[in-house]
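> Required output: the full structure, derived from the provided sequences and hints.
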Amino acid sequence: MNSRCPDWDTAIFIDSVNQYYFTGTMQDGILFIRKDEGSKRGSRLLYGVRRSFARANIEAPLFQDPGEESEELLGMASYRDLEGRIGRDLGRLYIEGGAMPAAGLERLGKYFSFSSPAGRDGPGFLDTVIRGVRSVKSEAEISLIRGSGEAHRILLEERVPALLREGMSEAEFLGELAAEMYRLGYQGITRFHQTHAEMYFGQIGFGTNSLYPSLFDGPGGAKGDGPASPLSADAERRLKKGDPVFVDVGFGIKGYHSDKTQVYYFGCEPPAEFKKAHRFCLDMQKRLAEQLVPGAIPSKLYLDRVSNLSGEELDCFMGVDNSHKVKFLGHGVGLNIDELPVIAKGFDEPLEENMVLALEPKKGVPGIGLAGVEDTYIVKPGGGLCVTGGGREIILV
Numbered sequence: 000m001n002s003r004c005p006d007w008d009t010a011i012f013i014d015s016v017n018q019y020y021f022t023g024t025m026q027d028g029i030l031f032i033r034k035d036e037g038s039k040r041g042s043r044l045l046y047g048v049r050r051s052f053a054r055a056n057i058e059a060p061l062f063q064d065p066g067e068e069s070e071e072l073l074g075m076a077s078y079r080d081l082e083g084r085i086g087r088d089l090g091r092l093y094i095e096g097g098a099m100p101a102a103g104l105e106r107l108g109k110y111f112s113f114s115s116p117a118g119r120d121g122p123g124f125l126d127t128v129i130r131g132v133r134s135v136k137s138e139a140e141i142s143l144i145r146g147s148g149e150a151h152r153i154l155l156e157e158r159v160p161a162l163l164r165e166g167m168s169e170a171e172f173l174g175e176l177a178a179e180m181y182r183l184g185y186q187g188i189t190r191f192h193q194t195h196a197e198m199y200f201g202q203i204g205f206g207t208n209s210l211y212p213s214l215f216d217g218p219g220g221a222k223g224d225g226p227a228s229p230l231s232a233d234a235e236r237r238l239k240k241g242d243p244v245f246v247d248v249g250f251g252i253k254g255y256h257s258d259k260t261q262v263y264y265f266g267c268e269p270p271a272e273f274k275k276a277h278r279f280c281l282d283m284q285k286r287l288a289e290q291l292v293p294g295a296i297p298s299k300l301y302l303d304r305v306s307n308l309s310g311e312e313l314d315c316f317m318g319v320d321n322s323h324k325v326k327f328l329g330h331g332v333g334l335n336i337d338e339l340p341v342i343a344k345g346f347d348e349p350l351e352e353n354m355v356l357a358l359e360p361k362k363g364v365p366g367i368g369l370a371g372v373e374d375t376y377i378v379k380p381g382g383g384l385c386v387t388g389g390g391r392e393i394i395l396v
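Just so you know, numbering that gives the first Met the number 0 puts 362 at position 363 of the sequence shown, and the rest follows in order with no gaps.
Note that these hints are calculated values from the structure, not bench results.
Treat the hints with care, as some may be off.
[Unchecked claim] No more than 27 Å apart at the CA atoms, straight line, and that leaves these computed lysine-lysine pairs for DSS-like:
#	residue 1	residue 2
1	K324	K274
2	K240	K253
3	K275	K299
4	K109	K39
5	K379	K299
6	K344	K299
7	K326	K275
8	K240	K275
9	K285	K344
10	K239	K275
11	K253	K379
12	K240	K274
13	K326	K285
14	K239	K274
15	K344	K379
16	K326	K299
17	K275	K324
18	K324	K344
19	K299	K324
20	K379	K326
21	K299	K285
22	K326	K274
23	K324	K285
24	K326	K344
25	K274	K285
26	K379	K275
Nothing here was measured: the structure is a model prediction, and the numbers come from that model.
Below is the structure:
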């Protein structure tokens, strides 16, 4: 914050994932970080917790060292309980613009005064700053992502083929897939930064269901159970010979995710155009992975890969059809599935070692289904280190 937003005085976090990142616990609470040049950390903290204060007191390592006088953990019923501890005047305030509701900001205004950063009408936003901090993973985080990635590989490469059988519905498959995920240590939730992403497992589709338009900001599609639950599974669609099966699921262990997609073909050889599309995506992923080195510029990686594609290659690339495409080739992965950096235009800050990205080139094949791959990589000097097994050919079942 001192570098990116030097006018800051106070930063406030209410997002549960950010609270966990800083404190080690995930509660109904609010975390204040105040600039304090007189402390050895350059800041002082107050974590107010409604529920559960008892659990926060057990889990939060940040507050368990009696030698640290700058950190405070406080049970609260309302923001009024924090006023005496943190002070009423918060100075120039920064908040999570994507997480703080207007009603929450209004409640803050009842008990605290704050001013706007220079040039703003309201509080400043620190979303990009914290997502940038979280994008470079520690060795402890990398270890968890590696564990998730290996379980993910086993799930999609070894377990799924044994689940697929003629006549089963998408809903039946999703239920059996979920059971296998839990057997492999899945944490039970896949978290997203973006709103409206109500997926607990991922996107699946038999045949052309994987080309069904979706609100989800990804290249894949899903018909789901209907308008009220568009990101689930179709209970009516049953697997038959000649169907491609699209499986794009997030996996997570102890908070940290990996992201992987595998395509299968049931009962026969895939059509030539489907195999060609898949091979194109595999080659794209391989070239991108080789370029995931410290110092590489994400926007340049994107433009280098897409600017010279032919009309045939661009047709339905990164989308279910030409009217439903996304404008990225990969995204960061960590406590959320969709983190920074993003392999897309506008992302010009260089990659750093131990950033983690999912590369997901995919291509719709009209009348058949979605081809393509997705795997999770760690940025290393020698290129991306894959933790989910690497891009696979279509698995025949």
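> Are the hints correct? Go through all of them and say.
Results for each hint:
1. K324 - K274: holds, 20 Å
2. K240 - K253: Since the Cα atoms of K240 and K253 sit roughly 38 Å apart, the hinted pair is violated (cutoff 27 Å).
3. K275 - K299: This hinted pair holds, its Cα atoms lying about 26 Å apart.
4. K109 - K39: Violated, at roughly 31 Å.
5. K379 - K299: holds, 18 Å
6. K344 - K299: Holds, because 8 Å separates the two Cα atoms, which is no more than 27 Å.
7. K326 - K275: Status holds; Cα separation ~22 Å.
8. K240 - K275: Holds. K240 to K275 sits at ~20 Å (cutoff 27 Å).
9. K285 - K344: OK: K285 and K344 at ~20 Å, within 27 Å.
10. K239 - K275: Holds - the C-alpha atoms of K275 and K239 are around 22 Å apart, at most 27 Å.
11. K253 - K379: holds, 24 Å
12. K240 - K274: OK: K240 and K274 at ~17 Å, within 27 Å.
13. K326 - K285: holds, 19 Å
14. K239 - K274: holds, 19 Å
15. K344 - K379: Holds - the C-alpha atoms of K379 and K344 are around 22 Å apart, at most 27 Å.
16. K326 - K299: holds, 13 Å
17. K275 - K324: holds, 19 Å
18. K324 - K344: holds, 14 Å
19. K299 - K324: holds, 19 Å
20. K379 - K326: The given pair, whose Cα atoms are some 25 Å apart, holds under the 27 Å limit.
21. K299 - K285: holds, 16 Å
22. K326 - K274: holds, 23 Å
23. K324 - K285: holds, 21 Å
24. K326 - K344: It holds: about 8 Å lies between the C-alpha atoms, which stays within 27 Å.
25. K274 - K285: Holds - the C-alpha atoms of K285 and K274 are around 16 Å apart, at most 27 Å.
26. K379 - K275: Roughly 30 Å between the alpha carbons, so the hint for K379 and K275 is violated.
Comparing the model with each earlier hint shows violations of hints 2, 4 and 26; every other hint is respected.
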